[in-house]
Every structure is written in structure tokens, then in C-alpha cells.
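Q: Read off the chains here:
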Amino acid sequence: MVSFLLIILASLFFMGFVIRTKSIASGRKGPGILQPMKDILRLWKKGSVYSNTTSFIFQIAPTAYFTSVLMAILMIPHGSNPGFISFDGDFVMFAYILTFGKFFMIISALDTGSSFEGMGASREALFSMLVEPAFFILMGSFALLTGHTSFHSIFSLLHYGSNISYMLGVLASIVFVLIAMIENSRMPVDDPKTHLELTMVHEVMILDNSGFDLGLIMYTTHLKFAMYGAIIANFFIGMLPLEISIPIFIGIQLGFAIAVGLIESFMARFRMGNNPQFIFILTSVSLLIFFGVLLVLGKFM
Amino acid sequence: MQHISINNNQSIALSEIPELIYSEFMKGNLELLSGKPERHCVNYFGYKTSGSIKLICCIADDVVHQIFVSSAIVDAVSILPSFTAQNHNFEKFEREIHENFGIPYSDHPWLKPLRYAHDRFDKSQVIGKYPFYKVESEELHEVGVGPIHAGIIEPGHFRFICNGEQIMHLEIQFGYQHRGIENLFLQKKKLLERTTLAENIAGDTAVGHSTAFVNLWESLCGYTPDPSLDFARTVALELERMANHTGDLSGVCADIAYQLGNSVYGRLRTPIINFLQEWGGNRLGKGLIRAGKINFPFTQTLADRLTEVFKAYEPDFNEITEKLFKLPSALSRMEKTGVVTYDEVLEIGTVGMAARMSGLNRDIRASHPSNLYGSILHKPVIKHHGDVYSRVQIRKEEIRQSIGYLKQLIANIPEFKKSEEFTATPLSDRFVISLVEGWRGEICHCAITDHSGNLVIYKIKDPSYHNWMALAQAVRNNDISDFPICNKSFSLSYSGQDL
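Protein sequence lines correspond, in order, to chains A and B. Its first residue numbered 1, the first sequence is counted upward by one per residue in the numbering used here. Its first residue numbered 302, the second sequence is counted upward by one per residue in the numbering used here.
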């Protein structure tokens with residue numbers, strides 16, 4: 001319950017901080033923190049336009065995408081407070097619930113029959129597929145370290161062992177920051193600001209969505225950012241009481257948003273063909289965590 | 302004598318141009334070009350004269366600084382062999398002649414409509430039925446972009462044939478913006494109307510095209526401009542070059558999603574165009590260039606202002622340029638992207654930056670100088686890799702060069718006379734060709750008058766005319782996601798091509 005409310009709260013401000021960071025970095029004042037949410041509210045007041053060539057898939061996909069992320073959020077604990085859904089092996093379900101939503105977005109993009117959206121869908125499918133091993137090696141390592149397989153028990157028991165687990169937490173945060181950037185199609189993998197349909201990944205898939213549906217998809221992106229921020233926060237919260245863990249949560253979300261803004265300001269995006277290599281870095285960092293865990297457990301002796 | 306040899310902006314009697322039979326005309330011009338990279342065809346066009354069609358071919362030689370002009374009379378029915386089959390420089394020219402007059406070429410490889418002119422020969426050819434190149438394959442897919450684009454650019458259609466993410470072939474179709482500028486030049490009789498037309502051939506090259514026009518017009522009238530006019534035109538041309546190059550650097554940064562470069566270069570363009578506004582009341586330099594006069598003399602106050610502008614511009618420009626050209630993620634996007642080789646640019650016949658990027662020295666400022674360029678002794682910036690990086694480097698170095706030239710020019714401002722109405726009228730039966738190096742490359746205007754001094758034809762060639770083909774070549778075997786950055790690094794004009 002705590003974690004669900006915190007994530008929703010964070011999602012309202014997250015993108016505002018990213019945009020403000022980018023504005024300041026480029027010497028502008030920038031819009032208000034709530035501007036992205038205001039844009040989404042404006043979209044939510046509008047109706048949607050559907051092309052004649054699309055089927056019901058196109059109409060249900062935004063909702064399916066939104067609910068899948070919402071459901072994934074229900075599984076995320078906040079330190080010692082478990083999420084609404086918590087069972088052994090829930091992180092596997094977490095990953096595939098997210099994939100379910102993404103699957104709907106991909107087939108809805110194909111449903112429009114546009115050649116741009118087909119390109120975007122194929123890129124999105126490839127990139128998410130490459131991210132998957134990183135996520136599972138990482139969560140698997142922590143399961144090995146703690147001897148538990150649910151988010152809640154992994155996170156609450158993480159720091160009982162040695163201090164080296166904080167190091168692993170830092171490495172894991174890096175992986176999750178990058179996963180969040182890739183999953184949300186941000187820089188340096190994709191540039192959400194571009195208007196060039198040939199270079200986009202996620203944005204091109206939603207070219208045909210409008211009004212309420214578009215607002216839903218955009219808000220889902222905010223939710224996903226806040227969700228990954230919450231997972232990162234969990235690596236550090238452990239069993240701390242709420243009055244300490246909530247400020248830590250907010251601080252980590254804020255730092256995450258600023259980091260995203262800075263990355264997007266001061267580097268160019270990658271060439272599309274180099275993205276897979278970049279995404280493989282995640283898997284190697286996850287493997288590093290895996291070997292770290294083996295070290296901690298003394299498996300190398 | 303197969304051709305007459307003239308200088309840039311030199312007016313000659315129409316009868317001085319040798320009139321050959323087509324086979325000799327073709328042989329002579331192709332021989333002029335074969336194995337001579339310093340020569341290229343600057344304009345080849347036809348016009349109707351008493352029932353038949355007169356073709357005029359102008360070939361510029363950059364070494365002897367001369368333009369070789371010859372002509373031939375043909376009728377529209379007999380089948381002719383094409384120049385293009387032997388030299389691809391003529392590909393667009395012959396497509397245009399075919400479209401306008403219906404001359405049936407026997408061996409032209411690519412005889413498609415060029416811009417769907419309103420007075421085209423075959424009215425059954427409509428823009429919706431453009432015959433695109435097709436590949437039948439299960440593996441390949443087509444991607445069509447435009448004519449309505451997501452960004453704020455002009456209309457043009459790009460048809461890609463891709464193998465996954467890789468571009469196999471790109472075909473670019475134009476004609477959506479055809480306004481009939483060349484015909485308007487004949488219909489509008491007032492000089493002011495014509496000057497305004499010239500300013501609006503391509504909105505981003507207002508100074509370049511209006512300078513080409515006024516140089517041509519003064520020569521046609523037998524008028525020698527005051528040095529102060531040449532001074533103003535040269536200053537305006539260099540300012541336009543600086544502003545557009547800076548804007549393009551900003552655009553390239555936007556396309557590789559380098560936000561800092563995008564905003565800093567974008568900001569740096571503003572003081573330059575604002576200076577043009579201070580000088581002539583228009584940020585694009587419209588209204589500044591007029592035949593035989595100037596309404597806005599360049600004063601010492603303006604020179605001081607320009608020095609101030611440079612003082613603020615240079616440190617920021619140097620700092621961001623240092624950053625951009627050392628940023629690994631930016632370099633990895635620019636290097637080896639969109640390569641066009643020397644042989645390819647030579648075959649296409651590109652001009653301006655699109656030639657200099659691959660080691661082909663084509664710069665009218667050095668080879669056929671007009672206005673004050675003769676005294677500047679310009680040294681063209683030449684790069685050799687033909688990729689996005691070369692094109693960006695050329696911009697960077699040309700901006701620095703322009704600042705140098707401008708500083709040198711404003712150190713010695715000539716006396717401006719009081720503006721008087723230009724009353725001279727064109728001489729009869731004349732031919733003039735005017736070449737100007739605009740920021741994008743060589744601009745060519747040609748005019749012919751009849752025995753009473755009225756314009757018979759006004760022919761315009763924007764640098765984009767040939768350079769679009771270089772873009773189509775550049776993107777081959779590149780990722781389709783690299784197309785925007787290739788396109789921006791060429792930064793070509795749609796309206797200049799469509800006229």
C-alpha cells in the first residue's frame with residue numbers, strides 16, 4: 001500500500017523534474033514541474049480518433065499497456081512493507097506482466113499497417129528482448145544471496161549479510177537506471193524529443209494514437225519511471241522505518257530524474273545499430289553482480 | 302569554333318553563341334567535360350523559338366575561369382540521343398527539357414518528370430502517379446516519407462527501399478512546391494517585382510539568389526555597379542553563409558539528440574540574422590539587395606555593431622565547437638555516416654559543400670569570382686571523406702573564414718552614394734549568365750532578351766538541383782535511422798529545386 005501510493009505520487013512529478021533539468025542544462029528556464037501532467041490531463045479530456053484500417057487490438061492496447069504497468073507496480077514492496085501481490089517467484093511474473101503490456105503495444109503498432117510503426121515495433125521488440133537476461137541474472141543473483149525468491153523477502157533481507165551488499169546495490173541501481181532508460185525509450189538509446197519518424201523507437205509506435213489513449217500511454221511512461229525508481233530505492237531501504245525510508249525514496253527518485261535529465265543533455269544518442277551492444281553492457285554488469293554474490297557466499301573457496 | 306568562351310556576368314549578343322547541329326553540339330560538350338574534373342555543366346536548358354527549341358549549354362571551367370557556351374536548334378518530335386547516357390551531370394537537365402518540351406530521348410536512363418511544371422508538355426503526367434523505382438522482393442520493404450513531414454520543413458517525398466534497418470535505395474520526388482518562378486519572371490515586368498521574386502526562390506538563400514539576379518540584371522543593362530554595392534552584396538552573402546551554417550550545425554546537433562549543441566548553436570544564429578535586420582530591416586536579408594542601388598547603406602555604426610556581435614559570437618562558438626568535435630558520442634554518429642566518394646560527386650556533378658566534402662574543388666568565390674570576391678582571394682575549404690563529419694567540418698571552417706572576410710571587409714567601408722531609382726533597361730538580343738556562391742553552393746541564373754529588350758527566358762539553377770542526388774547516394778547502405786542526420790548535413794532546398 002505504502003509503495004503503491006509513493007509510486008503514484010512520484011509518477012506525477014518525475015517527468016517534470018527531467019524536463020526541468022534539461023531546460024536548465026541548456027540555459028532555459030523551462031516549464032513548471034507539473035506541466036507534463038497538465039498535458040496528460042488535457043489529453044485525457046479529449047476523445048480518440050481511430051483509423052479505419054485498425055482493429056479492436058489498436059483500441060484495447062493502450063489500456064492493456066497501462067494496466068500491465070499498474071499491476072506490476074502492485075507487486076513492488078517498500079522495504080519491510082510488502083506490495084499488494086507478493087509470493088515466491090513474483091519477480092518472474094513482474095517481468096512478464098510488463099512484457100505482456102509491451103506485447104500489446106507492439107501488435108497494436110503492427111495493426112496500423114504503417115511502415116514507420118512496423119520499424120518502431122521491431123526495434124522495441126529487439127531491445128526489450130536484449131534487456132531481459134540482465135533483469136533475470138540480477139534478480140537471480142539477489143535470490144541466491146538472500147535465499148528467497150519474492151521481491152519483498154529479497155529486499156527486506158538484503159542487508160543482513162555483509163556491507164558488500166550495498167556495493168551490489170549500487171551496481172544493481174546502475175543496471176536499473178539503464179533498464180529504465182531503455183524500457184522507456186529515452187536517451188541514449190532513443191530520443192523522445194525527436195520528431196523524425198525514421199529514428200524513433202517508442203514514439204513512432206504511438207504515432208496513430210490520439211487523445212485519451214495517447215495520454216494513457218504517456219502517463220504509463222511516467223509510471224514506469226517511478227516504478228523503476230522504487231525498485232532502485234528498495235535496494236537501499238531494507239528494514240528501515242517509514243519516517244527514514246520515505247525521504248530516502250523521494251531522494252532516490254529525485255536523483256534518478258536528475259540523472260536522466262543530465263544524460264539527455266550532455267551526450268548524443270547512439271547510432272541505432274550500436275544499441276544492442278550497449279544493451280549487452282547491462283548483462284555484463286549483471287554478471288558482475290552474480291560473481292559478487294558468489295564471492296559473498298564463499299562459493300569460490 | 303564550337304563554343305564561345307565568356308566570363309561570369311559578361312553580357313554577349315545572342316548571335317555570338319555558336320549554333321551547332323545537335324550531334325556536334327552533343328559531341329563538343331561531352332568532349333569538353335570528359336576527363337576534366339575542373340569543368341562542370343552549370344546550366345543546360347531549352348526555350349521555344351519560332352516553332353523549334355533552342356538548347357543552350359553552359360560549361361564552366363574552374364581553372365581558366367571561363368564559361369563555354371554553345372547552342373543547338375532541335376524540333377520536339379525527332380528522337381535524340383541523350384547526353385546523360387554518357388555523362389550523368391546532365392540527368393536532371395534532360396529530364397527537365399523532356400518534361401517541358403517533350404523531346405523524346407532514345408537512351409536516357411531515368412526519364413521521369415522533374416517538377417510537374419504547370420506548362421509541361423504531357424499533362425497526363427500527374428504528381429500522384431509518379432513512377433517510383435520498385436524492387437519485387439519478399440525480403441525488402443518500402444518506407445515512404447512525406448510530402449507532409451513531421452518537422453517544419455518543405456514538401457518532398459522520399460521513398461526508401463530497405464532491407465530491415467538498412468537503406469538499399471532512396472528515391473526523392475519533388476514538384477509539390479512548383480510555383481512557376483521562371484515564368485513569373487517573364488510575366489512580371491517591373492524590376493521590383495522581379496527582385497522580390499528572386500528573393501523568394503529559396504527562402505533561406507534570399508541574399509544569394511537576389512545577388513545573382515541583380516548581378517545579371519546590371520550586366521544585361523550594361524550598367525557597372527558602384528564598388529559600394531559590390532561591398533554590400535559581399536558582406537550580405539557572407540552574413541547569410543554564417544547564419545545558415547550556424548543554424549545547420551544546430552540542426553545536426555538536434556538530429557543526433559545533442560541538446561547542448563542544439564541550443565547553443567541555435568542561439569548563436571540569432572545575433573547574426575538580427576544584425577541583418579538592423580541593417581536592412583529583414584532577418585533574412587530581403588529588401589537589402591537591389592539592382593543599381595541600395596536602400597540601406599552600410600555605415601561605420603553598423604560596422605561597430607558587427608564587431609560587437611563577433612566579439613560575443615566567437616568565444617561561444619569556439620567553446621561549443623570544441624565540445625562538439627571532442628564528444629565521442631557525437632563523433633561516432635558523424636564519422637563514416639552518409640559517405641559520398643569523389644567519383645560519385647564528380648559523376649553527379651554536385652556543387653558547393655556537397656562537392657568540397659569529397660575533395661572536389663568547386664567554389665565560385667574562387668573560380669568565377671563576382672562582386673568583391675576577386676579581391677578577397679578566397680581559398681576553398683576542402684575535405685576528403687565525404688561523410689557527415691566532413692560536411693560539418695566545412696561549415697565550422699567556413700564560419701571562421703566568413704568572420705575573417707567580414708572583419709577584413711568592414712575595416713575599409715567604401716563611400717555609399719545616395720540611393721537613386723535604377724532606370725537602365727536591358728539591351729536587346731543579349732545573353733548573360735550569372736554565377737554566385739550562395740551558402741549552399743553555386744547559384745546560376747541565365748537570361749536572354751529579344752530584339753526589344755524583353756526577357757525571353759529566365760533560367761534558375763539552385764545548388765540543390767544536383768545535390769539532392771548526392772543525398773540519395775549518401776544514404777545507401779546506411780541505417781534508415783541515420784537518414785535525418787544525412788539530410789540535415791546536406792541541408793538542401795525543396796523550393797529552390799521546385800521553383
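Any given hint could be a false lead.
[What the hints assert, rightly or not] Just so you have them, the derived chain B footprint on chain A, three or more residues with Cβ under 8 Å:
1. 107-121
2. 180-192
3. 271-280
What the hints contain is simulated information worked out from the structure, not anything from laboratory work. What you are looking at is a predicted structure, and each value in this text was computed from that prediction instead of being measured. Ideal Cβ positions, reconstructed from N, Cα and C, are used throughout, including at glycine.
Q: Evaluate each hint against the coordinates.
A: Hint check results:
| no. | hint | in the structure |
| --- | --- | --- |
| 1 | 107-121 | holds (count 4) |
| 2 | 180-192 | holds (count 3) |
| 3 | 271-280 | holds (count 4) |
Comparing the model with each numbered hint stated earlier shows that all of them hold.
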